[in-house]
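Asker: Residues 5 to 57 in the working numbering are what the sequence shown spells out, letter by letter.
None of these hints come from the bench; they were simulated from the model.
Quantities reported herein were computed from a predicted structural model and do not represent experimental measurements.
Here a beta-carbon is modelled for each residue, glycine too, at the ideal position from N, C-alpha and C.
Each hint can be trusted.
Distance ranges between label pairs, derived from CB positions:
#1 Cys50 / Thr28: 22 to 32 Å
#2 Leu15 / Tyr41: 22 to 32 Å
#3 Tyr13 / Lys36: 39 to 49 Å
#4 Ala16 / Leu40: 21 to 31 Å
#5 Glu33 / Pro10: 44 to 54 Å
#6 Asn45 / Glu12: 30 to 40 Å
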Amino acid sequence: MMPAFPPEYSLAMAYVPFQSWGQTYADEEALKAGTLYPELNKPFLCGKGEACD
Numbered sequence: 005m006m007p008a009f010p011p012e013y014s015l016a017m018a019y020v021p022f023q024s025w026g027q028t029y030a031d032e033e034a035l036k037a038g039t040l041y042p043e044l045n046k047p048f049l050c051g052k053g054e055a056c057d
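Using the sequences provided together with the hints, build the complete structure.
Answerer: In structure tokens:
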């Protein structure tokens, strides 16, 4: 079977921008959100845009 890509290509290459310092959550809110930075708060949605319980 022929591979999907030639061997000289890497599997993946990611671009990750530097984290900019900005607003932060208070301690309790940060623990609840799982991040100190509101920009990184990306809650998982179970389906149809509804939050998971």
